[in-house]
Structures are given as structure tokens and as C-alpha cells.
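For reference, the chains in residue letters:
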Amino acid sequence: MADMSTADAGRSTVAKTSPGRFFEDFRLGETIVHATPRTVTSGDVTLYTALYGPRFAVQSSDAFAKAIGYPGAPVDDLLVFHIVFGKTVPDISINAVANLGYADGRFLKSVYPGDTLSATSEVIGLKQTSGGDSGIVYVRSIGRNQHGEIVLSYARWVLVRKRSPGTPAAFELVPELPKAVLPEALGESCPALALAGYDDGLAGSPFRWGDYQAGERIDHVDGMTVEEAEHQIATRLYQNTAKVHFDGYGARETRFGKRLIYGGHVISLARALSFNGLGNAFHIAAINAGRHVAPLFSGDTVYAWSEVLEAAELPGREDVGALRLRLVATKNLPCNELPLKQGDQYAEGVILDFDYWALLPR
Amino acid sequence: MADMSTADAGRSTVAKTSPGRFFEDFRLGETIVHATPRTVTSGDVTLYTALYGPRFAVQSSDAFAKAIGYPGAPVDDLLVFHIVFGKTVPDISINAVANLGYADGRFLKSVYPGDTLSATSEVIGLKQTSGGDSGIVYVRSIGRNQHGEIVLSYARWVLVRKRSPGTPAAFELVPELPKAVLPEALGESCPALALAGYDDGLAGSPFRWGDYQAGERIDHVDGMTVEEAEHQIATRLYQNTAKVHFDGYGARETRFGKRLIYGGHVISLARALSFNGLGNAFHIAAINAGRHVAPLFSGDTVYAWSEVLEAAELPGREDVGALRLRLVATKNLPCNELPLKQGDQYAEGVILDFDYWALLPR
Amino acid sequence: MADMSTADAGRSTVAKTSPGRFFEDFRLGETIVHATPRTVTSGDVTLYTALYGPRFAVQSSDAFAKAIGYPGAPVDDLLVFHIVFGKTVPDISINAVANLGYADGRFLKSVYPGDTLSATSEVIGLKQTSGGDSGIVYVRSIGRNQHGEIVLSYARWVLVRKRSPGTPAAFELVPELPKAVLPEALGESCPALALAGYDDGLAGSPFRWGDYQAGERIDHVDGMTVEEAEHQIATRLYQNTAKVHFDGYGARETRFGKRLIYGGHVISLARALSFNGLGNAFHIAAINAGRHVAPLFSGDTVYAWSEVLEAAELPGREDVGALRLRLVATKNLPCNELPLKQGDQYAEGVILDFDYWALLPR
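Chains as they are written, first to last, in full-length UniProt numbering: chain A, 1 to 362; chain B, 1 to 362; chain C, 1 to 362.
Derived from the structure by calculation, the hints contain no laboratory data. Computed from a predicted model, the values in this text were never measured in an experiment. One or more of the hints may lead you astray.
Said to hold, decoys possible - Residues of chain A clear of chain B, computed beta-carbon distances all greater than 10 Å:
{"id": "1", "residue": "Thr41"}
{"id": "2", "residue": "Val45"}
{"id": "3", "residue": "Asp222"}
To be verified - Incomplete in silico selection of chain C near chain A, CB under 8 Å:
{"id": "4", "residue": "Val14"}
{"id": "5", "residue": "Thr17"}
{"id": "6", "residue": "Ser18"}
{"id": "7", "residue": "Pro19"}
{"id": "8", "residue": "Gly20"}
{"id": "9", "residue": "Glu24"}
{"id": "10", "residue": "Asp25"}
{"id": "11", "residue": "Thr41"}
{"id": "12", "residue": "Leu51"}
{"id": "13", "residue": "Ser60"}
{"id": "14", "residue": "Phe64"}
{"id": "15", "residue": "Gln146"}
{"id": "16", "residue": "Ala203"}
{"id": "17", "residue": "Phe207"}
{"id": "18", "residue": "Asp219"}
{"id": "19", "residue": "Gly277"}
In this text, a Cβ means the ideal position worked out from N, Cα and C, and glycines have one as well.
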């Protein structure tokens with residue numbers, strides 16, 4: 001219980017509302033236990049489907065998943081990511097100025113309806129900005145199921161405001177993080193697949209791992225317009241409390257003057273659109289890097305294209321192979337010309353540059 | 001696996017994105033296996049309820065359903081229809097100019113949470129239009145559960161663009177389809193009801209099959225305004241990929257200049273509104289015909305009225321009877337005057353003319 | 001079955017659409033059985049989470065709930081309330097001018113996914129208004145599970161139009177209702193908690209029952225903007241049919257000129273916001289009173305603050321204690337100054353004044 005040393009009720013009681021951590025509040029090496037464990041259910045799977053429209057057969061059908069060796073349809077990897085991420089927000093990024101990057105994200109165990117997810121974050125790096133009014137906090141966030149097994153592990157760094165601009169940094173460390181997860185570290189959460197049960201017709205694509213090669217680019221063609229109600233429903237589903245996504249009245253005073261859409265919403269939309277061209281890329285095994293290049297707002301339409309960065313075998317496995325994919329999302333800009341950069345800058349309209357490993361049947 | 005005959009990655013690889021079939025791509029008699037089997041769960045039932053507001057007791061309550069002889073609450077017939085229909089879209093109607101009609105739709109087996117639905121379509125007719133730039137494709141689409149049992153079968157015809165306007169049609173056939181399903185073909189998916197367990201108070205209506213007669217008309221009174229977020233969430237729930245429903249940016253260049261609402265959304269709204277007046281019409285046994293008379297857009301308000309076209313006994317059954325109902329939906333036009341036609345034309349404001357068989361307890 | 005004495009179909013058949021009850025139709029002491037029992041599922045829990053964003057660990061996590069002595073995560077008390085309330089609308093308040101108040105609401109048994117809820121209302125009071133064109137109807141509404149056990153009981157009174165303004169009232173009685181539920185009547189639906197299993201870190205708050213005291217006030221800081229799609233989805237989820245929430249076309253002719261948001265939507269939003277400051281107030285044990293001070297419309301942003309009115313022990317229980325809380329919601333008005341009243345009037349911007357008992361671990 002909290003200590004409470006007061007007699008004058010309503011005045012000198014301990015403040016009950018959490019303002020969240022500022023830069024000075026993070027200690028290198030500390031592990032933060034995040035609030036609100038969450039049982040994931042078939043209801044979450046439904047709503048995730050309805051918000052983004054993914055059509056990957058493994059996550060959509062218990063029958064399909066069982067036919068290839070899963071005990072049932074696993075929960076979409078990105079839904080797991082968003083739920084774990086959401087838990088970290090009140091402790092890590094509620095006072096963040098910007099979400100700077102992701103690295104070394106690995107999906108280590110499938111999640112099924114009925115599993116309960118909880119999250120912790122270890123502070124793995126701290127670096128003051130030159131201006132002295134904020135600093136970069138590096139954390140490794142870990143999602144676990146009800147048995148304590150790690151289902152997801154990823155590094156993230158965010159720019160966090162200081163409570164008092166002048167405070168000197170106690171300690172600085174920038175962690176070394178890999179540019180990409182190595183192929184030998186992929187596939188832990190994918191069981192040995194019974195390929196005889198993998199039906200390309202039902203899966204919706206004749207193209208397997210061997211049909212793709214590095215350098216290949218795919219326009220995912222379709223566009224999806226986002227409404228305020230949709231991203232708010234999604235972001236609350238993840239119990240993500242970042243006020244920029246919800247408070248339209250307060251947003252009038254911000255830089256953008258309106259609500260900002262959760263960056264993860266863009267990742268999920270682009271991933272769902274990528275089904276058209278990558279229908280057999282059924283599992284996200286790792287997140288190598290991710291950058292939210294520009295903000296998305298209600299009324300904008302998201303398009304996406306992918307580039308195959310690398311194809312890799314998984315040591316000792318003949319059933320699946322990995323593709324390292326760059327998934328690029330744009331707003332109000334169809335992707336037939338595969339927009340990415342103009343010189344050193346991201347092209348106008350690009351909003352997401354996301355680097356991940358997907359598994360496909362061989 | 002697809003064949004892939006290329007060395008120059010990113011240029012001459014096989015195109016991975018499916019453009020969908022054009023008129024020339026359909027062959028009479030071929031059966032198309034549609035992608036993405038889908039396990040239907042209680043989450044889908046919830047979201048369907050939240051999107052339309054149906055109040056039929058059999059689908060809403062396990063306890064009510066069990067009391068009359070179902071093993072549990074069956075999934076709403078129209079949710080089954082939309083899921084099966086959605087699967088057919090990428091293969092049948094992604095290049096369609098118009099959805100022309102439905103016929104001979106029969107619900108043959110109840111679907112319960114946990115069942116996995118998949119779909120196939122047989123091409124049963126082809127007819128080139130006089131202009132020569134498109135043709136009508138007739139298909140019989142069939143939805144099956146995880147045991148391979150047929151849960152739904154219906155015919156649909158759509159106007160599909162040609163890839164090359166000049167191509168002559170290889171073969172033409174217009175299938176014969178019944179004006180209406182015969183009463184003796186109804187009721188397969190409805191178990192023998194224990195009428196003693198059917199509580200009119202809980203069901204919300206004192207009117208049973210015998211209380212309705214041909215010619216009777218019912219204004220369902222209430223109106224429901226549709227938002228972009230709602231129809232998009234619904235249509236993605238069905239994994240229906242028709243871009244006209246989602247791409248607001250691309251829609252600026254279309255005839256309407258904005259997103260078009262999935263016609264099935266109107267059917268479900270009108271059916272939910274029809275509870276007020278048809279509260280015991282708990283099961284859609286068959287779809288005789290359906291016409292989307294005019295488009296619906298976000299911000300429009302849907303009203304509905306019904307006409308009893310015919311009352312029929314089911315051979316050998318004393319528990320339930322069938323009503324053939326015409327369900328008419330309008331937009332921005334309350335239905336107190338039962339608007340339908342002005343001369344040969346549908347009245348201004350009418351958007352749906354839907355002919356179906358419902359079962360009611362006797 | 002209804003009687004039907006007609007030959008001329010479509011003209012003299014009994015009207016099938018229910019207009020709902022007017023003031024003259026209520027009889028003191030009668031019990032009204034409400035339509036459409038509803039099986040609550042994990043899908044409902046998901047959608048409730050996505051609509052409001054509650055983060056109370058007991059309702060969010062099966063694992064957390066089990067660790068403290070529940071058989072699994074119970075359904076949010078307000079979701080139960082809204083479902084029961086929704087059922088009463090077609091019979092009690094469809095012709096209501098205003099929802100005047102609540103009293104003596106008690107949550108008597110936890111609800112779990114799979115339970116089926118049904119509702120009845122007893123007319124406990126009737127009073128004609130001086131104008132003679134309407135009257136106040138007092139009901140006690142009771143929600144039961146599939147075993148017939150009472151899960152919720154509350155009194156509500158509404159101002160209902162008369163069918164014929166001149167009709168004299170047959171009988172008048174204003175029931176006596178308690179200002180607040182007594183502490184000894186609280187806690188029936190909360191099992192004996194295994195406090196050793198209650199993890200404050202996972203629950204998200206270090207403050208337990210003993211840390212709060214009467215007079216303390218808490219600004220819940222965050223704001224939540226409401227969209228039409230959100231409140232419509234919520235209100236249909238509860239199968240609440242009040243047309244003012246759905247019919248945007250018809251609403252043009254009303255006092256406000258637009259759709260009105262269900263008052264219960266505000267209660268749930270404010271309760272979810274109150275997690276920040278009251279994270280361990282995991283269970284609503286009773287509703288003492290509630291007033292919808294002003295209407296909420298789409299586009300408005302809801303903020304909330306709480307005042308501790310009273311702290312009470314529960315007789316014979318050492319595991320939990322009760323806080324009587326006043327939950328105040330505002331629109332477009334951040335609550336840092338804790339707005340409530342200006343003289344005798346509610347302050348501009350206040351929309352809800354809700355008085356309830358919450359349980360917290362000791």
C-alpha cells in the first residue's frame with residue numbers, strides 16, 4: 001500500500017493520478033512491470049479482422065491451421081505486438097515527444113485465444129539530447145503469456161521530455177542493436193509444418209518462398225481510408241492510452257491541430273493490404289526496424305508496397321523459408337510507382353518504412 | 001508452386017498481385033476455390049449485433065435456442081451469407097461493374113461459433129453484353145463448414161468487364177433460375193422445434209406464423225444512419241475486398257465521388273429493423289431474389305418496410321411455417337407510406353428490394 | 001398467439017409493429033417481461049474494451065482474476081448494466097421524454113462469458129405531471145442469468161408521454177428509494193479475495209482502499225472524443241433501440257437537430273477514464289444515483305473527475321472495502337478545476353453526476 005500522511009482530505013493526500021515517467025525517472029537496468037494483463041480472446045481476433053481486413057489463412061481458420069500442424073489458428077502477430085506495446089505506453093512513452101525506432105523484435109511463441117499477455121520493459125539505454133530538455137530512452141520490452149513464457153521481445157527507443165530541463169544526465173549508454181535479426185534466430189514460434197496440408201487455393205496465393213527473390217517489388221494495389229472511430233477503437237483495443245490518439249479537444253492546441261493515428265495502426269493496415277502479393281507470408285517472425293516517417297490522420301487513405309530485401313533458409317528446416325521484407329506505406333498516394341525516397345529524403349506521401357522477416361511455406 | 005522463369009529480380013519475375021478475373025477468364029462449368037477459410041466465433045456474433053442491432057432471440061441467446069431444440073444459438077443467417085459472399089469477391093466480382101441479382105439461395109445447415117466456413121463458385125452461365133466490352137457471369141456459390149457440409153448455396157450474376165473489349169465470347173448460356181425457392185425445399189437447417197419452449201414474451205412478439213397473411217404490409221418505423229467506419233468495419237469483417245467500399249482517395253475519381261456501401265450492409269440493416277413487426281421471423285430459410293436499386297452512402301439513414309407475399313406450410317412440419325417476404329429499404333425516406341414503385345420505376349429513395357423466405361413458429 | 005380477426009389482408013390485420021407503452025399503459029405492480037435474452041460472450045468483452053478502453057485488471061485478465069479468487073475474469077459491471085438497461089427500453093422508455101434518475105442499483109452476482117441475461121421490470125410508481133400530457137413511471141428493473149439468479153437490480157424513473165393528454169391518472173404513488181445503498185448491502189457479487197494474489201503492479205495502482213479518504217478529489221486527466229460510429233456500435237451492442245441515438249435523418253426535426261448519445265455511454269467513458277487515479281477500484285458494487293445533466297453529441301470530448309464521498313468497511317470482510325464515489329463527466333472541458341456546480345446550477349460543460357460504490361482491495 002502507498003503511504004499516506006495526511007489529515008486534510010482532498011488537499012494533502014498523495015496524488016493518485018500517474019503523470020507517467022519523465023526522462024530523469026528512468027534508471028539504466030531497471031525492469032518496469034506494466035499494468036493490466038490481458039486475456040486475448042476470439043473476440044479480439046474478430047475485431048482485429050474487422051479493423052484491418054487481413055486474409056492470411058493460418059490466422060483466419062482453425063481448420064487450415066490444424067491441417068498444417070498448429071493446434072488452432074494463432075493470434076495475428078501484430079495483434080500480439082499491439083497489445084504488448086499498448087501496455088508499455090503509460091510507463092514508457094506517455095511523455096514521449098516521438099517514437100524513434102524499433103529493433104530486434106522477435107515473435108517467440110504463438111499466442112492463442114485464451115492466453116493472457118503481460119509485459120515488462122528493461123531500460124537498456126539512456127542518452128540526453130544536446131538541447132538538454134529531453135532524452136532518448138531505450139527499452140527492451142517483453143511480452144509473456146500466463147505461463148511466463150516469452151511470446152515477444154523487442155527493443156524500442158523514444159524521445160522523452162525531462163521534468164526539469166536543466167537536470168544533468170546521471171549516466172549515458174546507447175545500446176548496440178542489430179540491423180536485422182539473423183535467420184538462425186527465426187521460426188521459434190512456428191511449428192514444423194505438414195506441408196501436405198497447406199492448400200495454396202485456400203491460402204489465396206500460388207507463390208511460395210522459392211518464388212520470391214531479393215530485389216523484387218510488389219505494389220499491393222488497394223487503398224484503405226481510415227476513420228477516427230476505427231483507429232480509436234483499435235487503439236483502445238490495445239489499451240494504449242496515448243492521449244494524442246483520443247483527445248480531439250486537447251489536440252486543437254497541438255502541432256497538428258487534430259488527433260494523430262497510432263503508428264501501429266498503419267503497420268497493421270499495410271500488412272493486411274500486403275496479402276495481395278504476399279498471401280503465403282503467413283507469419284511475422286521478426287521486426288528488424290521500423291520508422292514512422294510521417295503522421296496519418298483520419299480521412300487519409302493508406303496504400304502499401306513491398307520490396308524483398310533478402311531470402312533466407314532457416315537452419316535445419318525444409319518446411320518454411322524466410323523473406324526479409326521492406327513494407328512501405330503511403331497516404332493519399334497509390335503505390336504503382338513504388339515511392340520511397342527522393343534523394344536522401346523520404347518521398348512526399350510515404351508514412352511508414354518497416355523492415356521485417358516473414359515466413360512462407362517452401 | 002508457381003513457375004518462375006527469371007533471373008532479373010524485381011523486373012521479370014511473375015507478377016505476384018492478382019488483378020482478379022475479367023469476363024474472358026471465366027469458363028462455363030469451372031469451379032473456383034475461394035481463398036481464406038474463416039472460423040466464425042462468438043466475436044463475430046458480437047460485432048454483427050453491434051453493427052446492425054438484431055434482436056431475434058434464437059440468435060441472441062443460447063438459453064432460448066436450447067429451449068426450443070437448437071444445440072445453442074446459431075449464427076445469424078446473413079452473417080453466414082456475408083462471409084461466404086466476401087470470399088467470392090476477389091475471384092468473381094473484383095472487376096465487376098454491377099452486382100445484378102441473386103436467386104435460389106438456400107440456408108441448408110446452421111452455423112455455430114467454432115465452425116469454419118469456406119466457399120467455392122461454379123460458373124453456371126456466361127453472356128456477353130451487346131456493347132461487347134463486358135459480360136454477365138452467373139455463378140452458383142456454395143459455402144461449406146469444416147466437415148464439408150453445405151451450409152449455403154445461392155446463384156448470383158454480375159456484370160464483369162472484359163480485359164480486351166473486342167474479344168468474342170467463346171460460349172453463351174443463360175441458366176434457368178427459379179423465381180422463388182419452393183416451400184418444400186425450406187427448413188433443412190431448422191431443427192424440429194420444441195414449441196413449448198418458445199416464449200413469445202422473450203422473443204418480443206405475440207405474432208406467430210398464422211397471424212400473418214399474404215398482402216399484409218408492415219412499416220418497421222425506425223431509421224438507422226450509417227457511418228463510414230461502420231460499413232468499413234462490417235465489410236472487412238466479411239473479408240470482402242471490393243475497393244469501392246474502402247478507398248476514399250481513389251473514389252474521388254469515380255462516378256459517385258465517394259465510397260459506396262456494400263449492398264449486403266443494407267440487407268442486414270433492413271432485416272434488423274424488421275424485428276419490429278416480424279419479431280418471430282427468426283430464420284431466413286431462402287433468398288429468392290434481391291435487387292440493389294440505388295446506392296447507399298455514409299450519412300444516409302436507412303428505413304425499411306415489409307410485405308407478406310405468401311404464407312406456406314412446410315410439408316410434414318407442424319412446428320414452423322414460412323412467410324415469403326418482400327423487404328424494402330429506403331434512404332432518407334421514412335416508410336410510413338410504404339414506398340416501392342412509381343409506375344414502372346422504383347420510387348425515389350428506394351434502395352433495396354429483397355425477396356426471401358422466413359420461418360416462424362406456428 | 002395473437003388473435004386476428006380479419007379477411008381483408010393488408011388492411012384490417014392487427015398492427016404488428018409495437019409503438020411502445022405510453023403513460024396510461026403502465027399499471028402499478030405489473031411486471032413486464034422484456035424481450036431478447038442475450039448470451040454475453042468474450043466478444044462482448046472485447047468490444048466493450050475497444051469502445052471505452054477500461055484497464056481494470058480483474059475484468060481484463062483471466063489469470064489475474066483467478067489469482068485472487070474469481071473463477072475467471074468477470075464481465076465489466078457496466079456492460080451488464082447496459083445490456084439489462086437496453087432490454088427495458090422498448091417497453092419502458094421508447095416514448096420517454098427524459099430519463100430522470102436511477103437509485104438503489106445493486107450488482108448481486110458476477111456475470112461471466114457464456115451467461116445469458118434477461119430482464120424484467122416491475123412498475124413501482126406512477127405520477128402524473130401537472131401539465132397532464134405526461135407522467136413519471138418508476139420501475140425496478142431486474143437482470144437475471146440463465147439460472148434465474150438476479151445479477152442486477154435497480155430503480156429508474158422516466159418521464160413518459162401520454163397517448164391522450166387529457167386522460168386522468170388511475171392511481172398515483174411515488175416510491176421511497178434510498179439516497180444510497182447501505183454498505184452492509186454491498187459485496188454480494190465479489191468473492192472472498194485472496195489478497196496475496198493481488199499484484200498492485202499488474203493492477204496499475206499502488207493505492208488501496210485505505211489510501212483514499214472522504215473529500216479527496218481526483219482529476220482523471222485524459223479526454224476521449226466520441227464519434228457517431230462509436231456510440232451507435234455501443235448502443236446496438238446493448239440492443240438498445242431508442243431511436244434518438246440512431247436516426248440522423250429524423251433527428252433533424254428534433255430539439256437538438258442531431259443524434260443524441262446514450263447516457264450510459266458517458267458513464268462507461270468516465271468510468272474507464274477514472275482508472276487513472278482509481279486503478280484498484282475494480283468493482284462497481286452499487287449505483288446510488290445518477291443524473292445526465294446535459295446531452296453529449298458526436299465530436300465532443302469527455303473528461304472526468306471523481307470525489308470520494310465516503311469510505312466504508314464491509315461487515316465481516318477484511319479483504320475489500322468500499323468507496324462511495326461521485327464521478328463527474330464534462331464535455332469539452334478538462335477537469336483540472338474539478339467543475340461541478342456554480343451556485344445551484346451545474347457548471348457549464350458538466351454532463352454527468354454519477355454516485356456509486358466501488359470496491360477496492362484493503
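Status of the hints after comparison with the structure:
no. : hint   : in the structure
1   : Thr41  : violated, 7 Å
2   : Val45  : violated, 6 Å
3   : Asp222 : violated, 5 Å
4   : Val14  : violated, 40 Å
5   : Thr17  : violated, 31 Å
6   : Ser18  : violated, 31 Å
7   : Pro19  : violated, 32 Å
8   : Gly20  : violated, 29 Å
9   : Glu24  : violated, 40 Å
10  : Asp25  : violated, 37 Å
11  : Thr41  : holds, 7 Å
12  : Leu51  : holds, 7 Å
13  : Ser60  : holds, 5 Å
14  : Phe64  : holds, 5 Å
15  : Gln146 : violated, 20 Å
16  : Ala203 : holds, 7 Å
17  : Phe207 : holds, 5 Å
18  : Asp219 : holds, 6 Å
19  : Gly277 : holds, 4 Å
Checked against the numbered hints given earlier, this structure breaks hints 1, 2, 3, 4, 5, 6, 7, 8, 9, 10, 15; the rest are met.
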